[in-house]
Structure formats: structure tokens, C-alpha cells
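With the sequences and hints as input, model every part of the structure.
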Amino acid sequence: MTSDKVETLSAAQWFKENSEIAGFDNPGKSTFTSVRELVENSLDACDDDIQLLQMRGEEIEYPNINVVIHPVSHERIRQKILANLDGGGSGPVLEGIEDFEIEHDPSEKYYVIEVGDNGPGIYHDLISLVFGTVFTGTKYGIKQGRGRFGMGAKMAMIHAQKTTGLDTEIWSATRDVSEESYFRIKIDLKSNSPIYTTQKIIPDKPWHGLRMRLYLGGNLIWAKQRILEYFKQMSLVTPYVNFRLVIGDEKYLFQRVTDEIPPLPIETKPHPHGIDIEELKEMVKRYPRKYVIKNERNEGFPTLAEFLHIDFQGIGEGTAKKFLRYKVDIAPNMPLNELNEAHIFKLSQAMSTYDDFPAPDSSCLSILPHESLEQAANALLEPEYINSVTGKIIAIKGHPVHITTSVAFGGNIPTGATLYRFANRIPLLFKERSDVCYKALEEANIKRYIDINVHGVTVMVSVVSTRIPYQDAAKDFIADYDELRETIKLSMQKAFRGIKTYVSRREEEKKKEQEFEKLKEHANRLGVSLAKITKGIPMSESEIQSRLMKIIMSEYSIDK
Amino acid sequence: MSQTSQNLKIIEELQKLKKIEIEAIKAPKDALKIKELSLEETKQGIEDIALNLLSLLDFDERPAISVPIRSAQNTIVDQETGHIFLGHNAVTRSLSPASVRQLAVLIRVADGIHELLTLGRHSTKRELFYTDVNLFQDQTISDRAIEDLAVTLRTIRNATNIVASAKGKIIGRIRFRESGDLIDCTKMGTGGKAITPFQEQVEDIDSDAEFVLLVEKDAAFMSLSEAKIYDRYPCILMTGIGSPDIATRMMLRRIVEETGIPVFAIMDADPYGLEILRSYTFGSKALGYETPWLVTQNIYWLGLRPEDMQNYKIPKEVYIPLTDADRKKGKELLDEIWLQNKPKWAEQLKLMLRSGVKAEIQALASKGFEYMTETYLPQKLESADWI
Ligand SMILES: Nc1ncnc2c1ncn2[C@@H]1O[C@H](COP(=O)(O)OP(=O)(O)OP(=O)(O)O)[C@@H](O)[C@H]1O
Ligand SMILES: [Mg+2]
Chain A
1 MTSDKVETLS
11 AAQWFKENSE
21 IAGFDNPGKS
31 TFTSVRELVE
41 NSLDACDDDI
51 QLLQMRGEEI
61 EYPNINVVIH
71 PVSHERIRQK
81 ILANLDGGGS
91 GPVLEGIEDF
101 EIEHDPSEKY
111 YVIEVGDNGP
121 GIYHDLISLV
131 FGTVFTGTKY
141 GIKQGRGRFG
151 MGAKMAMIHA
161 QKTTGLDTEI
171 WSATRDVSEE
181 SYFRIKIDLK
191 SNSPIYTTQK
201 IIPDKPWHGL
211 RMRLYLGGNL
221 IWAKQRILEY
231 FKQMSLVTPY
241 VNFRLVIGDE
251 KYLFQRVTDE
261 IPPLPIETKP
271 HPHGIDIEEL
281 KEMVKRYPRK
291 YVIKNERNEG
301 FPTLAEFLHI
311 DFQGIGEGTA
321 KKFLRYKVDI
331 APNMPLNELN
341 EAHIFKLSQA
351 MSTYDDFPAP
361 DSSCLSILPH
371 ESLEQAANAL
381 LEPEYINSVT
391 GKIIAIKGHP
401 VHITTSVAFG
411 GNIPTGATLY
421 RFANRIPLLF
431 KERSDVCYKA
441 LEEANIKRYI
451 DINVHGVTVM
461 VSVVSTRIPY
471 QDAAKDFIAD
481 YDELRETIKL
491 SMQKAFRGIK
501 TYVSRREEEK
511 KKEQEFEKLK
521 EHANRLGVSL
531 AKITKGIPMS
541 ESEIQSRLMK
551 IIMSEYSIDK
Chain B
1 MSQTSQNLKI
11 IEELQKLKKI
21 EIEAIKAPKD
31 ALKIKELSLE
41 ETKQGIEDIA
51 LNLLSLLDFD
61 ERPAISVPIR
71 SAQNTIVDQE
81 TGHIFLGHNA
91 VTRSLSPASV
101 RQLAVLIRVA
111 DGIHELLTLG
121 RHSTKRELFY
131 TDVNLFQDQT
141 ISDRAIEDLA
151 VTLRTIRNAT
161 NIVASAKGKI
171 IGRIRFRESG
181 DLIDCTKMGT
191 GGKAITPFQE
201 QVEDIDSDAE
211 FVLLVEKDAA
221 FMSLSEAKIY
231 DRYPCILMTG
241 IGSPDIATRM
251 MLRRIVEETG
261 IPVFAIMDAD
271 PYGLEILRSY
281 TFGSKALGYE
291 TPWLVTQNIY
301 WLGLRPEDMQ
311 NYKIPKEVYI
321 PLTDADRKKG
331 KELLDEIWLQ
341 NKPKWAEQLK
351 LMLRSGVKAE
361 IQALASKGFE
371 YMTETYLPQK
381 LESADWI
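These protein sequence lines are chains A and B, in that order.
Just so you know, this note's numbering puts 383 at position 383 of the first sequence, and the rest follows in order with no gaps.
Just so you know, this note's numbering puts 121 at position 121 of the second sequence, and the rest follows in order with no gaps.
Quick caveat, the hints were computed from the structure, so don't treat them as lab data.
Please read these numbers as outputs of a predicted model, since none were measured by experiment.
Don't take each hint at face value.
[What the hints assert, rightly or not] Once the Cα atoms are required to be at most 16 Å apart in a straight line, the calculated EDC-like pairs of lysine to aspartate or glutamate come out as:
no. : chain 1 : residue 1 : chain 2 : residue 2
1   : A       : K532      : B       : E115
2   : A       : K550      : B       : E61
3   : A       : K532      : B       : D132
[Claimed, not checked] Where chain B lies over chain A, by a calculated footprint (3+ residues, C-beta under 8 Å):
no. : region
4   : 122-134
5   : 333-346
[As the list claims (entries may be wrong)] Label pairs and their computed distance ranges (CB to CB):
no. : chain 1 : residue 1 : chain 2 : residue 2 : range
6   : A       : K511      : B       : E115      : 30 to 38 Å
7   : A       : R506      : B       : P321      : 49 to 57 Å
8   : A       : E508      : B       : S165      : 44 to 52 Å
9   : B       : L51       : A       : E507      : 53 to 61 Å
10  : B       : D181      : A       : E555      : 54 to 62 Å
11  : B       : Q137      : A       : I452      : 33 to 41 Å
12  : B       : K26       : A       : E508      : 49 to 57 Å
13  : A       : K535      : B       : Y130      : 18 to 26 Å
14  : B       : S38       : A       : K535      : 19 to 27 Å
15  : A       : K535      : B       : F198      : 23 to 31 Å
16  : B       : L51       : A       : E508      : 34 to 42 Å
From the three backbone atoms N, C-alpha and C, an ideal C-beta is built for every residue, glycine too.
Okay, structure coming up:
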């Protein structure tokens with residue numbers, strides 16, 4: 001192949017043509033995914049905001065996330081294109097889309113989707129960058145987060161462009177300025193760069209957060225139940241957030257149930273097992289630069305041992321030297337700029353197979369406390385009892401993976417077993433049967449612990465990690481690693497055992513109570529008859545009854 | 001041959017079966033000792049039970065009482081006579097979750113009976129049930145408790161002044177006084193006289209019958225009484241209508257005691273027919289404690305016997321295959337000790353189990369409506385075909 005024949009597909013172009021891998025495979029799924037991408041962006045932004053405020057010791061604001069899905073007719077979309085008007089309103093909170101009537105005819109498959117938050121917003125100058133170019137984002141570090149590829153919002157925007165040709169509207173305001181930025185953006189697919197129709201700063205708008213509005217073609221008939229389910233489950237794992245959802249003229253509120261903010265994730269350095277050869281090259285290329293070693297500021301290139309120590313987690317200089325000398329066979333004091341391709345290849349190979357590095361650091365993960373999840377589950381599912389179990393932390397390809405399992409039992413839960421899967425606090429709704437959690441549930445053999453023909457059970461598995469081991473880029477389900485499946489299975493079984501104990505204790509108590517009632521009832525009868533036969537001598541009816549009760553009470557310590 | 005001379009020949013045969021002296025039935029040594037108690041004694045017994053329970057309360061002990069078991073687990077059979085009695089095995093009813101209800105039922109029944117005795121009145125089982133429907137819930141519960149109380153008091157049910165409503169019937173060559181009234185059972189139409197539950201009110205039994213014809217079911221009783229069988233043969237016709245009550249069994253025993261005549265039984269040819277025959281002859285397990293008052297010694301099995309089905313050429317269409325329950329019951333009966341006293345009965349039972357079929361008395365009607373009265377019965381009697 002000659003080089004002049006090679007055409008470079010821009011990233012944006014490529015994704016337009018392969019949108020199914022990002023969850024835009026059909027109108028229904030696209031509607032769902034658009035909502036989901038914007039909501040998860042808002043959640044990430046609000047979490048960052050909280051973290052920042054906590055660091056500064058300032059009072060935090062609980063996240064409010066507003067979602068409006070507004071069916072409109074094709075005619076209105078056409079008028080909008082012709083008029084080329086700006087959307088109205090200001091601030092994150094919108095009850096509906098005023099300038100559009102709700103279209104009730106389900107055969108019209110156009111929607112205005114708007115998601116707003118009270119997060120940190122984005123500075124005016126950054127907006128066109130992060131929203132106008134695929135693969136730009138601020139979440140590339142090693143950190144437990146919802147977004148990571150820098151494409152979610154853009155995929156939704158491209159989908160909107162593709163189906164209606166209309167621009168995406170963005171309103172943003174930050175804490176430190178009292179003005180609002182307003183943008184109308186399209187993505188130029190050829191050059192993967194933004195095209196603005198409007199870009200302006202409106203003064204005297206003191207709010208903060210971000211609001212995005214998309215005009216897109218989709219299918220709500222399919223998506224509606226999924227979206228509702230998504231918010232329902234989302235409210236379980238982010239119980240510190242208020243979600244308001246408006247679909248047409250229906251309103252849904254998923255109220256914050258806790259004041260407790262879980263410890264939020266911290267960014268860490270990569271673990272040597274979690275880096276491939278390309279990533280390693282990238283890391284080396286960042287030099288020369290300023291770096292600190294042994295409390296001394298340096299500039300330029302460190303030695304190879306110093307590089308490992310500075311850029312990876314859990315590698316002391318001693319470990320680095322030992323590793324380089326005995327495993328890789330490169331001199332530890334080789335300056336980084338002398339590293340050639342062969343060295344990097346050798347180093348990468350050795351790093352992924354060396355077993356003596358400490359396990360990946362899990363302290364950077366954000367684990368929702370059981371109490372918060374249980375509080376949310378109590379409000380939402382109204383079970384009789386919940387049992388939560390923290391599974392052990394394992395490492396998958398250099399990333400710590402942490403499992404929590406909560407099992408809600410009885411009450412208003414319909415009979416049978418339902419599985420809720422969460423990955424970094426995002427509900428997974430699709431391809432359940434392929435998911436490692438589903439396979440673990442099958443192996444856990446719930447019937448040995450709980451009679452699900454009689455009792456309802458919701459099994460909630462939350463997997464958090466600096467990198468969730470998804471099977472593929474659609475992020476629909478978690479891949480089936482043996483160690484992961486085994487860990488999830490064991491934590492499920494432990495939770496089921498807890499439920500079993502609870503049920504038998506409850507039944508025991510119920511039985512005792514019934515026995516007590518029965519004894520009491522018959523003791524009264526005995527008192528009547530015995531007193532009658534003996535004409536009250538030597539004891540009156542009430543005396544017989546109270547003596548009988550005394551005997552019963554001594555055997556049943558029921559507080560009555 | 002004229003009918004009278006025919007009958008005379010039968011009567012000669014029957015004379016041989018007559019027993020001059022009917023001995024009282026003695027319970028074996030290891031059986032529970034049961035006595036007929038007077039009204040005062042029964043009342044006193046109930047009061048003693050109550051006082052015993054109360055005395056336990058003084059020590060903060062659960063009130064408890066021991067009640068003899070009335071079932072197969074506590075049955076003793078007199079090896080010599082085959083009579084069925086109760087042994088000394090008992091269960092405890094106490095203020096415990098497992099048995100408090102039975103204790104309460106027993107004491108509630110005791111309370112009701114105590115009241116009856118105080119008033120000097122009788123009452124039916126049904127009435128007693130209605131004194132506390134809430135507690136008893138089902139009449140079988142209070143019925144059983146009455147018998148439990150009787151056996152706990154080591155007496156018979158009659159001593160509790162509780163009677164069952166009349167069930168059995170009698171007709172034919174017998175007269176007696178009942179509560180002072182003269183009853184002539186030859187003048188009872190076709191329906192017969194109800195056998196009164198108040199057996200102690202029956203006196204002055206007088207009869208010229210040569211045998212008792214005891215039938216299992218009402219249907220057979222009706223056709224025999226309609227045919228006025230007791231005019232053709234000097235006999236008394238009786239039925240307990242299925243499983244006999246205490247009064248019927250007692251009455252039968254007394255007739256035989258007074259007259260010494262034999263009893264010929266006509267039962268269905270199935271395991272339940274034989275079981276009913278057993279309860280008349282040897283006693284029942286649930287009422288084993290009353291056996292000396294209830295069983296009759298002079299009983300013969302006339303029909304319908306399994307062998308009759310061949311001998312009388314009863315058409316196959318009216319045979320009924322034995323059910324699993326029949327087989328089970330049949331095998332159980334075969335193992336029971338009393339049957340050793342009746343080897344011929346045992347033969348019939350074995351024959352039934354082997355052939356795998358049973359038949360009701362009504363099966364005889366397949367050979368004509370009058371076949372039983374005109375052919376079957378006369379043939380049986382004339383050929384002395386009883387075992
Ligand atoms: N609501 C918001 N508030 C503040 N910043 C936002 C908001 N939404 C998006 N951003 C910024 O825009 C960037 C791009 O978002 P985008 O969804 O395209 O990618 P991502 O979230 O980084 O990764 P992913 O492809 O997994 O979604 C984010 O990294 C974030 O910095
Ligand atoms: Mg995103």
C-alpha cells in the first residue's frame with residue numbers, strides 16, 4: 001500500500017460511522033445513551049466540585065441534576081432550523097422546554113434533551129475545546145470515575161447533528177465569575193474541531209453549573225422504561241444527589257436521602273501491571289521536564305530507577321533497582337533519554353509479569369458506605385431487611401477492584417431474585433446474562449439460602465475500580481474474570497447467609513410469640529374451668545390465671 | 001317340605017349354639033382397670049383432677065395430667081379370648097406449647113360434664129360441643145376429649161352422662177321397657193325402633209327369638225325388615241349403621257346375656273366389614289377400656305363372605321377391585337392377634353386379598369331384588385353355613 005492512498009479518518013468521523021460501539025446502535029438505545037452520558041458528566045463534575053470544596057474547607061453543595069426529555073414534532077424541529085434561534089432560559093433548573101409544545105404523537109420521534117447541574121461549570125475558553133473535539137476531556141488520570149475516554153458528550157452531540165442537523169446549546173457558569181457563557185456548537189466531523197454558531201458571554205448571571213441541550217431523533221417508547229430504571233438504580237448508588245426528571249408532561253423526583261457524601265475517589269499513579277507499551281512510551285516522552293526526587297527539584301531526565309519511582313505507584317527506589325537489575329537486566333542508573341525501543345519493550349514485558357510489586361493501591365477508590373446505600377434502598381425498594389457485605393479487594397491488570405454486595409429482602413420486593421449491577425456507581429442495564437455478576441449469582445445458588453418463590457430479593461452488586469474491566473467499549477457489562485466472579489460469588493453467599501439467619505431468627509421469634517399467645521389464651525380458659533370445677537377453693541379464677549401466667553412468663557421472656 | 005318343618009330343623013341346629021351361661025369378660029392383668037362409677041364418684045373424680053392440677057401451681061410447676069392413649073400403640077389383646085383392651089401407656093397434657101390446647105379442651109369438657117353431673121342431667125355429644133365451639137372448633141375434638149376424660153377417670157363414657165344421639169336400630173321378636181314404657185319390637189312397622197343411648201333405662205328384656213340377625217348397613221336392615229324376616233324365622237334384626245355406637249354394642253351384649261341366643265352377622269365382604277365385625281366381637285382400640293361392657297361373645301359370620309361370591313355365583317360385574325387402602329387395611333387386620341381366635345375368618349380375609357376383589361351386601365340384588373330374603377338367607381340358615 002502506498003502512503004498517498006491512505007486517508008486518515010478523523011476521530012469524529014470514525015465514531016460517526018462506528019457509533020454502535022459507544023451505545024448509539026439504534027434510536028432507542030441512542031436516546032438512552034445520550035441522557036446517560038450527560039447525566040454521568042454532571043455527576044463527575046459535581047463530585048469534583050464537592051471534593052474541591054471539601055479540600056478548601058468550604059461548605060459543600062449537594063448536587064441537583066435536572067433532566068428534561070421533551071418530545072417535539074418534526075415540523076417544530078424544521079422551524080427551529082429555519083429560525084436558527086437561541087434557546088432560552090438561564091441557570092441549571094428548567095421545568096420544561098418553554099419554546100416547544102410537547103408532542104404527544106408517539107410516531108414523531110424527535111426530542112429536545114436537556115441536562116443541567118449545579119456543578120462547577122466550565123470556563124468559557126475551555127468549552128469549545130472539551131465539547132468540540134472528540135477525545136478531549138479532563139479525566140485521563142488513574143482515578144475511579146464515570147467518564148474516561150473524552151467522547152461521551154461528543155457522541156451525543158454527533159448523534160444529534162446526524163438526526164436533526166441542529167446545534168447543541170450549552171450554558172455554563174462558574175463560581176468565580178458572575179457571568180454566563182452561552183454556546184451553540186457543532187462538531188466538524190472532518191477536522192474533529194468545533195464550529196460555533198453563537199458564542200457569547202452574558203453578564204450578571206450569578207449561578208454555577210452547566211446546562212446542555214440536544215435536539216435529536218430517537219425513540220422514547222423503547223427508552224422510557226430504561227431511563228426510569230436507570231434513575232431509580234442511580235438514586236441507590238448516589239443517594240446524596242437530587243435527580244429531577246421531566247419526560248413530556250410527567251415529572252419524576254428521585255430525592256436525596258442522605259447528607260453523607262462518600263469519600264470521593266483520588267487520582268493515583270498507575271500500577272506497573274496496568275500499563276501497556278504505548279502508554280509506557282507516552283510516559284517516557286513526557287521528559288525532559290521538572291520533577292522532584294528526594295525532596296530535590298530537578299529538571300531534565302531522571303535515571304530509569306528514579307523514573308519508575310516517580311511515575312508508578314508502590315515502587316520504592318530499592319524495589320526499582322532490584323527489579324531493573326534482576327528482572328529486566330538494564331542498569332538502574334541509565335538516564336531516561338538513553339532508553340531505546342528495545343529497552344522499552346523489555347521493560348514493558350518485565351513490568352507486566354513481575355509479581356513482587358505491591359498490590360494496587362485501593363485507598364484511592366470511593367466506596368459508598370453500606371448505610372447510605374441501605375438508606376436509599378429502604379426508601380426506594382421498601383424491603384423488610386437489608387444485609388450488606390464488603391468483599392475483598394482484588395487486582396485486575398494493575399487496577400484495584402472492590403466489591404460490595406447488598407441484598408434487600410422481603411417487604412415490598414416482588415418474589416423472585418432481581419440483580420442490580422453497578423460499575424463505578426453507574427447502573428448497568430443491558431446484557432445482564434453476559435455480566436460477571438449474573439454468572440456469580442448463578443453460581444452462588446441463592447435457593448440454598450432463600451426461598452425466592454416465597455420471598456422477594458434484590459441483589460445489588462457494586463464494582464468500583466480505577467478501571468472497570470468492561471468486556472468492550474459499549475461498557476454494557478463487566479467481563480468474566482475467574483477471580484472477580486469468585487469474589488462476587490463469595491460476597492453474595494455471605495450476604496445470603498445473613499438473610500437466612502435473619503429469616504430463621506424472625507421465624508423463631510414469630511413462633512415464640514404465637515406460642516406465647518396460645519399459652520396465654522388457654523391459661524385463661526383453664527383458669528375459668530378449674531375455678532368453676534373447684535368452686536374457687538383453694539384459688540379464685542384470677543389467681544389461677546395469674547399463677548399460670550407467671551409460669552408462662554418465666555419461660556418466655558417476651559416483653560409484653 | 002313345609003316351611004314350618006324346615007324352620008324346625010334350623011331351630012334344632014340353633015339350640016346347639018345357645019349359651020346357657022354368659023360369663024362376664026375379665027380384663028387381663030396388664031390392662032388398665034376400668035370401673036363403672038356412680039354419678040357422685042365421677043363428679044369427685046373430676047374435682048380431684050382439678051385439685052391435682054392446682055396443687056402443682058403452688059410449686060410454680062407446669063400443670064400436667066397423664067391421659068391413657070386410646071389407639072393401637074396402647075392396645076392389649078387377651079391371648080385367650082382375643083378381646084381388645086387398653087394398656088397403661090399414657091401421654092402428658094400440660095401447659096406447654098405442644099399440648100396446652102389438648103389440656104384446655106380436656107378441662108373444658110371436664111367442666112361441662114361436672115356441671116351436668118351437678119344438675120343430674122344427661123346431654124348429647126353435640127350439645128357438649130356447642131358449649132364452647134370457639135375452643136373445640138370441630139365436634140370430633142370434643143367427642144374424643146369426652147372419651148379421654150372417661151379413661152382418665154378410669155371409667156366408661158356412660159358414667160359421664162354424655163350420650164351420642166341414637167344411631168342403631170332394632171326390630172323383631174323382642175320386648176323391653178324403656179324409661180318405663182313397654183316397647184314391642186314386633187310392632188314397629190318397617191323402620192324399626194331406635195336403640196336408645198340411655199341404655200341404663202332399658203330393662204325387662206323378653207324375647208322368644210332364636211337368633212339375632214346383625215347387619216352392617218341400613219339398606220340391608222330395611223329390606224330384611226320389609227320382608228318381615230322375623231316372622232319367617234324367630235329372630236331379632238339389628239344394625240349399628242356402619243361402625244356401631246356404644247349403645248348398639250351394649251344393647252346387643254345385653255340381649256345375648258339375657259337370652260343366650262347366637263348372633264349372625266351380615267357384613268360387606270370387604271376389610272371394613274370385617275373390622276366392624278371385630279368391634280362387635282372383640283372390641284375396638286379407641287374404646288378398648290369399655291370392652292367388658294361392649295363386646296358380645298356369641299357372634300357368627302353368616303355373610304357376605306368372600307367365598308360366597310363363588311358359591312352363590314354372584315356375577316363378576318358387581319365385584320369391586322380392592323383399593324390400595326383396602327389392601328393395607330386387610331394386611332393390618334391379618335396381623336392382629338384377635339384374628340388367631342377366628343381361623344375361619346382369617347381364611348376368608350386371605351381369600352379376599354388373594355382374589356383382589358370385594359363386594360357389598362347389595363351385590364346380591366344383582367340376582368334379583370328378593371334374592372337375599374328368598375334364597376340367600378334361607379339357604380345359609382338351612383345349611384348352617386356360619387363360621
Ligand atoms: N456538566 C459538566 N460540568 C463540567 N464539566 C463537564 C461537564 N460535562 C462535561 N464536562 C467536561 O467535558 C469533558 C468531556 O466530556 P465527555 O463526556 O465528552 O468525556 P468524558 O466524560 O471525559 O469521558 P467519556 O467519554 O467517558 O464520557 C469532561 O472530561 C469534563 O471535563
Ligand atoms: Mg462523559
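Open item on the list: Checking each numbered hint in turn, tell me which of them this model violates, lowest number first.
Closed with: Per hint list: 4, 5, 9 violated.
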